[in-house]
Amino acid sequence: MLKPTPRRTRPTRTTYVASVVAFLAWLPFLWVPLASDEAGFLMLGRQWAPGSSLYGDYWVDRPPLLLWLFRLADLGPETLHPDGLIAPGVKLLGALASAAAVLLAGMLAARVAPRASHWTAHLAPVLAAALLASPLLGMPETDGEVLAVPFVLLGVLALVTSLTGEADRRSLLLATGAGAAAACAALVKQNMVDVFVLAVVLVPLSRGRVPHLRRRTAAFAGGAAAVVAVVVASSAALGTSPAELWDAVVTFRLQASAVIGSSASPATSERFVLVLKAFLASGAALTLLVTGFLAARTAWRRGPRSAPLRVAALAMVAWELVGVAAGGSYWLHYLTGLIPGVVLLASLVRPTGWRRWALATCLGLTVLGTLGAWSHELAVPVDDAIGRDARVAAYLRTHGGPDDGVVVAFGRPDIVAAAGLDSPYQYLWSLPARVRDPRLRDLQAVLSGADAPRWVVVSGASISGWGITAPAELQTWFEHHYTEQASFGDLHVWSRR
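Numbering-wise (this note's numbering), the sequence shown opens with residue 39 and increments by one.
No lab work stands behind these hints: they were computed from the structure.
Be aware that one or more of the hints could be misleading.
Unchecked claim - For each label pair, taking beta carbons as the anchor points, the in silico distance ranges come out as: (1) V55 <-> A423: 48 to 56 Å; (2) G260 <-> T436: 54 to 62 Å; (3) P280 <-> P476: 20 to 28 Å; (4) A281 <-> R208: 18 to 26 Å; (5) P476 <-> S90: 14 to 22 Å; (6) Q523 <-> A423: 18 to 26 Å; (7) K315 <-> G89: 40 to 48 Å; (8) L211 <-> G527: 54 to 62 Å; (9) R252 <-> A275: 54 to 62 Å; (10) Q523 <-> E308: 28 to 36 Å; (11) K315 <-> A524: 34 to 42 Å; (12) V418 <-> R252: 52 to 60 Å; (13) T390 <-> A296: 44 to 52 Å; (14) G89 <-> T289: 19 to 27 Å.
By construction, the Cβ of each residue, glycine as well, lies at the ideal position given by its N, Cα and C atoms.
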């Protein structure tokens, strides 16, 4: 068997306290304006029904479960504040996800912590709370990573537990639940297949040590397949076909990687440096270095089959690091995807001698980094770009009518959402437009069609932007049929003549 069942499997009091702290850390930001992605996902989730594009009338390269979660967060009409769109339900969703993740981190640590000491069962949930509450990892933005982390931790906990004991009904149910949680995580954020990676390494290493391993593996696969089938069928009922989903969450990402690599702007390099600095300042880098070294040393000394969970945890962390690096656009919330691996590796450390001091140092630096970043975020919570977008949206609300349409070239779905208008152009984000409409033929068809929008918002002096160069004939046509009405920083509002 994988290992004997530990004496303590319930979360410690520290876990409950850390979970509450992780939840409370979000509360001061409930009325902070939504980030661009948050506003866009909320709008897509609200209008998702059979329409002209992937999700209703819009297209985005995200799995359907993410939009369903944002649909749950739609607790009522949002408020357009001078600094941006406010929807407390979205921030509350992030707070609940963080609290659940900390609770599951404590349960996982209690399960896998060495029998000689449960000190790490106290450390792991505090570490998880500190990272989830850190603006250095993207908080307080409710994004795919923070919503997927609870599913990843639940899947890891259920998988590890299912491989202990006899292959009875409980073990098979746990294996089924592990597969279901693994699928849910990937259906929230497609690159968060951490549980599958863990299983691919852990199950073969457990062969000969876990009885009836094939039955447990089949139960895991069955749980994952059942969830995928339900989500795909439910999406089809809303007008989103399986082929369209595959194109959006798999095929598109491969195409997007090539586009990002060939047309990266200087801002991409700047964000990469920012993410690297945040990785170091948050304490996550040092914690991964220390715990990864200890796990690798133990696996090397004992051999992979004598330390299967450590080897599998290292593989899972390696995948998480690839996910951060391969994201291409380099946003802070990418780092949230590292939390399950950090927690698992920290939980496996036997805290004796210098190891205990090393872990305590990592935790102390992480907590200090979080407190500093959290205090700064609380003092200056509103991003200048979000405030600028809010002024554009307020102008459109004041001067536009309910039947007007608006196209933002390119990206900034928060403007469309805050303006309360529809967009006849299906690509609200810049990357889908760059990949799927690089020559702007779809945009030209929209602007010259019967449903041409009254308003167009452009960045700079032309319709080009965000790595997209408009053909000269489109720019000429645009200037002939639209005239500039107002400007807000580098954003210019044009109306149809």
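Going through the earlier hints one by one, which of them does the structure break, listed in rising order? As far as the earlier hints go, 1, 4, 9 are violated by this structure, in ascending order.
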